[in-house]
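Using the sequences and the hints given, assemble the complete structure.
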Amino acid sequence: MEEKKLYTLLVYSENVAGILNQVTAVFTRRQVNIESLNVSASSIPGVHKYTITAWSDEDQIVKITRQIEKKIDVVKANYFTDDQLFIRETGLYKLATDKVLENPEISRTVRRYEASITEVNPTYTIVMKHGVTEQIIDLYRALDAYGCVLQYTRSGRIAVTRGKQEQVSEFLEEREKGLRDKG
Amino acid sequence: MKDKITGSEALMLALKAEGVKTIFGYPGGSIMPVYDALYDYTRGNKKAFDHILVRHEQAATHAAEGYARVSGQVGVTIVTSGPGATNTLTGVADAMLDSTPIVVIAGQVPIGALGTDAFQEVDLVGVAQPISKWSYQIRHADDVAWAVSRAFYIARTGRPGPVVLDFTKNAQVEETNWQPQKVNFVRSYVPYPELDAEAVRAAAELINNAERPLALVGQGVELGNAQEELKAFLEKADIPAGRTMLGLSALPSNHPLNVGMLGMHGNYAVNLKEQECDVLIAIGMRFSDRVTGNVKTYARQAKVIHLDIDRSEIDKNVKTDVAVVADCKTSLPALTALLKKNDHSEWRASFKELDEKERVKVIEPAIHPTEGPLLMGEVVNTVAEQSADDAVLVTDVGQNQLFATRYFKYHHKRSICTSGGLGTMGYGLPAAIGATFATDRQVCCFMGDGGFQMCIEELGTIMEQQAPVKMIVMNNNYLGNVRQWQDMFWKRRKSFTRMMNPCYELIAQGYNIPYQAVTDRKDLAAAVQKMLATKGPYILECAILEDDDVLPMTPPGMNVDDMMLEI
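Chains A and B, in that order, give the protein sequences. Per the working numbering, the very first residue in the first sequence carries number 1; after that it's consecutive. Per the working numbering, the very first residue in the second sequence carries number 1; after that it's consecutive.
By construction, these hints were calculated from the structure, which means they are not laboratory data. In this text, a Cβ means the ideal position worked out from N, Cα and C, and glycines have one as well. Incorrect hints may have been included.
What the hints assert, rightly or not - Derived EDC-like pairs (lysine to aspartate or glutamate); straight-line CA-CA distance at most 20 Å:
| no. | chain 1 | residue 1 | chain 2 | residue 2 |
| --- | --- | --- | --- | --- |
| 1 | B | Lys357 | B | Glu566 |
| 2 | B | Lys319 | A | Glu58 |
| 3 | B | Lys296 | A | Glu2 |
| 4 | B | Lys182 | A | Asp181 |
| 5 | A | Lys94 | A | Asp82 |
| 6 | A | Lys63 | B | Glu566 |
| 7 | A | Lys70 | B | Glu566 |
| 8 | B | Lys316 | A | Glu58 |
| 9 | B | Lys319 | A | Glu105 |
| 10 | A | Lys63 | B | Asp289 |
| 11 | B | Lys182 | A | Asp73 |
Claimed, not checked - One side of the interface only, derived from the structure: several residues of chain A facing chain B at Cβ under 8 Å:
| no. | residue |
| --- | --- |
| 12 | Asn15 |
| 13 | Gly18 |
| 14 | Arg66 |
| 15 | Leu172 |
Structure follows, in structure tokens:
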């Protein structure tokens, strides 16, 4: 059994209804859980970008990637390990303002983690932290130890590649040049 | 300004533009506007299509599959929404696993009623997506030309497959300015990957240095229409070739390099030789578990070359040393050009001893028995001999399929319709109906008593169309394949495999189809002769030994060289 790692899939698709279902069904059928999922418009008009993380071995993630790319309206699918990507996630922490005022350590902790306070009112204080998973979870643990956290949530991952990977826009340009496949 | 037409009439024009001749269908509430348009387009001066009214929507999809498999054209099915649509799903899944190009057009409630649990509303696109190549809902009449052209383009190109169009009723009645469309490009879909010259060179080097090469020929060769290219490839390097069940007619049975059928009930020598070859060349096949047996021990000694049009097949089940991802119509000639002429007669001769073992132990007793009740093997062999190996073989699923595929002979390409991947009982009869609309050759359909009854309602279609299907019902009063497994692996506990049969003679009479029964060996040849000489449909019921077993057999999950010649 190969070692399981956290892989990130970057999937580009046409902006048509029902693709998300098709993409997630590929994972479900193989009993692989999606850890996080982010979908948004990409820089290419009409093309959506999916950033999906999942624990898997390489054999399995290769098969999943190919099955996803096989879907008619999926333009490209590639998988990456963390070292190949620049990764960001966002954590939101809703803290009790009275606790924050009572204990100056809380504000210091927020600064130490390079998080920012984005909204304050007499009831709650919103702290926001950008980073990678561990940093965001660490800050939660640190704040939670002060008993001040009312709510906490962490976003899905977004990522761009570090290396010179195949550019989707180049692929599409190449495709459009041909403008015809036999058959 | 052009006259406006309805979405339904636009569908007729779009189907006509795709060259559709035959439609297998069944009307219903949500597809009535289309059927109303079809009324004009199936008669008189507008006539463009023959519409074959089936008796169940599942059969419409299997008939479309049989039609597609034999003709190489896209099979077409039109049904209504809800149950009409869900009834097609078995055929859609079957076509997906067996790479068969069909387009299913189903009615749907009007867009205003979508999501309201309206009468006969089902989320067809949602349920069809994982089992189809593409599924799409047509919501407006203006979309018809584009959607239909795209559907046919996707169904027939690349690795073929089923496409589902969910046609809302408002789109069927709305008006549109007819603008013909021809889709031959989808930017996100690469049907014919570009041949990688380096991969071809690497494959050629492996083959040129091989001492014991073995080719595995799949349906991809038929789908790519590369039967001649295959022959040239095999002949130049003198490579013995086994064929998958779906690839049986890709290489004629009597070709000297043909070494038989692969798989659980395939031929003995080729199964054992998969464990001895030094280079394994898979061509348009997908290493199904029914071919590989225990995949962990399968061909571990061999370098594996995999030629396939579908990149997702590479390394899916068997790890590949060299992958050539392209249409085999392109990749085979490129590879052949780099091959040395070779002679592997010694290697090929080593198959003979094992072939002889199988012939003596399995084949002769199966096709030339001298006592006891009739056997399936001898029935198949008699039909094959008397049809001068010229017929199209259609099978149902189970022992009938395994005996039929083992003992039938193939001289022409595209001569077999069988449900290989999904193993759909009930496939045979409707697929045979579809096949008769694609060829003038004899269509011989072998079925067991179980599978015959799963789509037996299609006798109505056969009666109405006078479809010349030669139905050979091999009746052993058992669901024979499961019974065989119960005997072998489940302590002979025959749990619900014995089946009471109706009087098929009376059923045949009810449908006014000629019928003959054979119980005695001495009557078999004459009965088959009479069946083949009779114009139109015919039912030949053969009373088969109840515990006739299919051999040889590799028990499920075992190694391919654990194949048993006897139980």
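Next item on the list: Tell me, in ascending order, the numbers of any earlier hints that this structure violates.
Entry: 5, 6, 7, 9, 12
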